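Student: Chains A and B supply the protein sequences, listed in that same order.
Under this note's numbering, residues 1 to 200 are what the first sequence spells out, in order.
Under this note's numbering, residues 201 to 586 are what the second sequence spells out, in order.
Mixed in with the good hints, there may be bad ones.
[Unchecked claim] Pairwise CB distance ranges, derived in the manner of DEER restraints:
1. ASP76(A) - TRP344(B): 41 to 51 Å
2. GLY538(B) - MET1(A): 27 to 37 Å
3. LYS84(A) - TYR288(B): 26 to 36 Å
4. MET1(A) - LEU428(B): 44 to 54 Å
Simulated from the structure, these hints should not be mistaken for laboratory data.
Keep in mind the model is a prediction, meaning the values are calculated, not measured.
Just so you know, even glycine gets a beta-carbon here, dropped at the ideal spot from N, CA and C.
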Amino acid sequence: MTTQYDPAAAAEIVNASAPGAACVDGGVLFLEPGQLVEAIETLRDAEQSDLVFLCNLTAVDQERYFEVVYHLQSLDLNHIILIKARVTDRDDPSLPSLSGVYHGAHLQEREVYDLFGIRFEGHPDLRRMFLWDGFPGYPLRKDFLQMPGQIRAGLPGFPHESQENAWPVPGSVPQRPQHPNDPPPPSEVTVAETDGEGAS
Amino acid sequence: MTTADDTRLAMQGTIEALTTGDGSEPVVVNLGPQHPSTHGVFRLKVTLDGEIVRDAEMRIGYLHRSMEKLAEERTYTQNIPFTDRIDYLAAMSNNLAYCLAAEELLGVEVPPRADAIRVMFAELQRIASHAMANGTFINDCGAWHTPLFHMFRDRERVLDMFEMTCGARLTTNYMRIGGVAFDLPEELLPTLESFLADMPERIADYEALLLENEILHARARGVGVISLEMAINSSLSGPVLRATGVPWDLRKANPYCGYEHYEFDVPVGEQGDCFDRFLVRMAEVKQSLRILRQVIDHLPDGPWLADLPLHARPEPGEAYQRVESPRGELGFYLVSDGGPAPYRFHCRPPSLINLSALKEMSIGGTLADAIVTLGSIDIVVGEIDR
C-alpha cells in the first residue's frame with residue numbers, strides 16, 4: 001500500500017541543503033518558488049525520500065494566487081508526497097521549470113502554461129499545446145468566463161441560415177441555432193392532410 | 201491548379217527526396233492529423249534525412265474539449281459521463297478512477313459487492329482495450345487488419361457484456377459515487393463463464409500466430425527502445441514502463457477496490473522495445489482472466505450502491521486517486537470548496553504523459569519504425585486532448 005511520505009521529514013531534508021526553502025502548512029509541503037528546482041532535486045536524490053517519479057503536475061487557480069501542485073512518488077519505498085508552490089503575481093505568473101529534473105514534466109508544464117498562463121522559466125519548448133498561438137486568455141483561470149475578442153465558440157452558421165443566428169455576439173446573451181428551451185422556429189413546411197398512410 | 205494537384209506534387213517531392221538519400225535536404229513530413237497510424241486526430245511532424253528520423257514533434261489539441269473547465273460547472277455525479285469520453289476505449293477505468301477520487305473527498309464507504317463488480321468490469325475493460333491496442337499495433341507492423349479483427353471478436357464479446365449490464369457499449373457511465381449504477385443482470389454470469397472458457401484457446405491461437413512471427417520480430421524487436429532510467433524519469437507508466445523491467449502496477453503497489461485479495465502476477469519486459477510492450481499486454485490479458493475467475497468465485501452478496509444523496513457536497517479539501525488503467529497510471533485530482541461542483545477537476549492522462557519520450561524513442565530510427573513506436577505506446581487521443 002502506498003503510504004504518504006511525511007512532509008515534515010521532507011522539509012527537513014530540503015532545509016538541510018537550502019535553509020528556508022520548505023515549510024509545512026496544514027500537512028502539505030510548500031516550497032519557495034526561488035529554490036524549487038534545487039529542493040525537488042534534493043528530494044529526488046536523497047536516499048530516504050527517493051522521489052524519482054513525477055506522478056502528476058497541475059495547477060489550481062485560488063483566485064488570489066495560483067497553486068502549482070506536484071505529486072511525487074518513490075517506486076522503491078512506495079510512498080507519495082503532495083508538494084505545492086504558490087505563484088502570487090497574477091499578471092505575469094512564473095515559476096522555475098522542473099523539466100531539467102524530470103523529463104516527464106515537459107508536457108505537463110506545457111499544459112499548465114497553455115491553460116493557466118503560468119510561465120515555466122527554463123522550459124526548453126514552452127508553447128501552447130491544445131490551443132493555438134494567439135488564443136486570447138487562459139481558459140482554466142477562474143476569471144475566464146467567456147471568449148474575449150472576436151473569437152466565438154461553436155460552429156459558424158450555415159449559409160442558408162440568417163446571419164443574426166449564425167454567431168453569438170460577444171457580451172450579449174448567446175444565441176444558438178437550436179436549444180431545447182427555445183420556442184420552435186416558424187415552420188415553412190405545410191402539413192399535408194392525410195388519410196392513413198396515403199395522401200388524400 | 202487544384203488542391204489534389206498540389207497534394208500530388210508535394211507527395212512527389214517527398215518521395216523523390218526520400219529516395220535520393222545522400223546529400224539531400226531534410227524533409228518535413230506530417231503524419232496526420234488524419235493518418236491510419238495515429239489512431240485518432242494526432243499530428244506527428246517528423247524531420248527526415250533520407251529515411252532516418254532526425255526530429256519528431258507532436259502537434260495535439262484537435263480533440264480538445266476543455267473538459268476540465270466544463271467539469272467545474274457540473275455536480276460530482278454529472279461529471280461521471282465526462283470521464284467516459286476522456287478515454288473512450290477504457291470508459292470503465294475512467295469512471296472508476298473518478299469515482300474513487302470523489303469517494304475519497306466525500307468519505308464514502310463502498311459495499312463489498314460493488315468493489316467486486318468494479319474489479320470485474322475494470323478487468324473486462326482491460327481485456328477489451330488490450331485487444332484493441334495489440335490489434336492496431338500489429339496492424340501498424342504490416343499485418344493489415346486480419347489480426348485486428350480476430351482480436352475484435354473478443355472485444356465484441358466484452359462490449360456485449362457491458363451492453364447487457366448498463367445498456368451502453370463504449371461510453372458506459374456505469375460506476376457511481378459509492379458503487380455501481382445497476383446490479384449484475386441474470387444473464388451476465390453465464391456469458392462471462394463462457395467467455396472465460398473460450399479465451400485461453402483464443403490466446404493460445406494468438407500466441408502461436410504472433411509470438412514467433414518473423415515479420416513481427418523484424419518490425420518490433422529493438423525498435424523504439426527506452427531505458428529503465430529514462431522511462432522512470434519521463435513519468436511513463438503502464439505497459440510502456442513495465443516493458444523496461446519495472447514491476448510497477450498500481451493494482452499491486454496501491455491496491456484499490458480490494459485488489460489485494462486477488463492473486464495475479466505483474467508481467468514485465470526486459471528490453472523496453474516495442475515487442476516487449478506487445479508481450480506485456482498479451483500477458484496482462486491472461487492475468488485479467490485469472491482475476492475475473494477469482495471475482496466470479498467469490499462474488500459477495502449485498503447492496504451494490506452506498507446510500508448517498510445524489511448531489512452530495514464534500515467538505516473543502518482535495519483528493520488524488522489513481523488506478524491502473526489499460527494505458528497506465530490514470531489519476532484524478534479533485535479540489536472541493538464545499539460547493540456541489542468540483543472547484544478543480546484534473547485528469548492525469550497516461551496517454552499524454554507516455555508520449556513524453558516519443559521523440560527519444562523515434563530519433564535515429566526509420567520513419568516506418570516511428571509508426572510502429574507510436575502504435576506500441578497505445579495512445580487514445582480523447583485522453584491526450586481531453
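Student: Tell me, in ascending order, the numbers of any earlier hints that this structure violates.
Tutor: 4
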